[in-house]
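Asks: Here are the chains, one letter per residue:
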Amino acid sequence: MLQYIGKRLLQLIPVLLGMTFIVFLIVRAIPGDPAQIILGQQATKEAVASLRESLGLDNPWYIQYFHYIGQLLTGDFGTSIKTGVPILNEVWPYLAATMELAFVAMVIAVVIGVNAGIISAWFQNSWFDYTAMILALVGVSIPIFWLGLLGQWSFGVELGILPTSSRFNARDPVEAITNFYLIDTLLVGRFDQFIDVMKHLILPAFCLATIPMAIIARMTRSTMLEVMRSDFVRTARAKGQRMFLVVYKHSLKNAIIPVLTVIGLQTGLLLGGAILTETIFSWPGIGRYIYEAISSRDYPVIQSGILIVAFIFVMINLLVDVLYSIIDPRIKYN
Amino acid sequence: MTSMLPKVEVEKQAQARSPFQDGFKSFRKNKIAVIGTIIVAFFVFLAVFGPWIAPQGVNEQNFKLKLLSPSASHWFGTDDFGRDIFSRVILGARLSLAVGFFSVIISIIVGSILGIIAGYYGRWVDTIISRIFDIILAFPSILLAIAIVTVLGPSLRNALIAIAIVNVPNFGRLIRSKVLSIKEEEYITAAKAIGMKDSRILFTHVLPNSMTPIIVQGTLAIATAIIEAAALGFLGLGARAPDPEWGKMLSDARIYLVNAPWTMIFPGLAIMLTVLGFNLMGDGLRDAFDPKMKS
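If you read the protein sequences in the order shown, they are chains A and B.
Oh and the first sequence: position 285 is 285 in the numbering used here, straight run, nothing missing.
Oh and the second sequence: position 125 is 125 in the numbering used here, straight run, nothing missing.
Hint data in this document are derived by calculation from the structure and do not stem from the laboratory.
By construction, the Cβ of each residue, glycine as well, lies at the ideal position given by its N, Cα and C atoms.
Keep in mind that the hints are not guaranteed to be accurate.
With the Cβ distance kept under 10 Å, some of the chain A side facing chain B (calculated, not the full set) [claimed, not checked]:
# : residue
1 : V138
2 : P143
3 : L150
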């Protein structure tokens, strides 16, 4: 097991190096001179030239790349041009916002998706099965930015029951401790604020949860159908075991592996979806952080932001692979 | 002798049906797949004949008629420039389908070339190409597409290129694995033995035998590509005004959410239906032609 994890981590090194190279290339290829952008349009040519030199932009690309890697290895992710703050110092609140959103979205997707899949399989060809599977088909095809707008319009504008943007009520700001506001509000004992933060989470989290929910529901249904036809399930039923236990205890345990695969894959994909969701709901997360950096040509933030997201994406995928072997000892790795 | 005849006939019939015909038959029996195909056909029809169907021109503005709600004269209402949304949604079909279709074609061509080279020649060539695929797949696709468009500059064409690049590894890996399995077949050994050139083997044997999964994967990829293009348009990184691209229309409609929600409802509905059509059709094709891929 440890050997497998070690091997996978070693294999990650070339991928991570390649990722830094691609991000480096992309950021260098963005039109415009970083030195000029840092100093603004009014800057003199001399000032721009001297900044270019001090930033090392005059060096050949490979020297710049090695310099960049050196910086990364010493934990220097650069400084934001816009705020003048080192990126590692300012990125955490954004990252926490995305993680909180993604976590709640995944909980919604798993709880509803798995149960919908189970009930669909249990009552195969019933009206519930048909409705759930049609909804799941629509769910994977719906553009989440449109779903977000529909949610804002229906629950925010028409019904007026849910807030449509930001993480909390601007008039009553949350005291940031961990930057996970659901936790922070509880830590200071403000239950009213906790409810408010919850309300702010509902629309974006449901929006982000839709696609994984649909995929998880379809996957659960198909694996459950397979398992429920097997001999041990028939035996359990023949012994007079209650159907609820047969489904939730015996069958689910054996059907869960492919579902976990999908859950893992979808967790990684949530990061991509988060960029769109965060834009619609003005959610101050990492996706929005990068998107705004692109609009303002904040090169160091673009570079490190993309790298941080991609790194998390890779780590989630690794974690999922490792988890399989813990859950199902039958899976062996070469 | 006469008793032999019917048996021969049966054998002939059995021989006459190719795997393709078998697959097509089971595809036609799959109601959901047929519905998907009808939806796709409908939008292809709109894309081709849109300019003749749309009641108004794409940029016919009339400020006196701005932000009108849906009515008999404007089925989907009008937008902030007084343009007919029904006409713009119809004319937008061409843009979305074109981006979906051409980006996937580019991904297939580039992915096939790289996948074939990697799978057929193996060794270090395979290692390098496969690692590049791994690296591209290590990024969330929409994030990489955004980054590429930032470099190329925001436009529909560049969005198409970005989406194509992001999807190359999916096809590349598919073809590579297909090539690896086909390479071991006896007819390839036979082709080599009679002195057939590598390039000829690749184009006459390997590629045609990899077509089924490519078509299945391609249909599903068109759905993803259409959503990604709309997402880029929505973020202001795809189509530019005044193109009637659905994602761009949605992003323009955001500020009218309170007063004119119809400006947002119909373009989104069009994206959803098109994507649904391709997903249903793709699922059906997979079940019919490639049962092994069925999840």
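Asks: Using the nearest Cβ pair, does P143 of chain A come within less than 10 Å of chain B?
Replies: Holds - the Cβ of P143 of chain A comes within 10 Å of chain B, reaching about 5 Å at its closest.
Asks: Minimum Cβ distance from V138 of chain A to chain B below 10 Å?
Replies: Cβ of V138 of chain A sits 6 Å from chain B, so the hint holds.
Asks: So, L150 of chain A near chain B? Judge it on the closest CB pair being under 10 Å.
Replies: Holds - the Cβ of L150 of chain A comes within 10 Å of chain B, reaching about 7 Å at its closest.
Every hint from the earlier list agrees with this structure, and none is contradicted.
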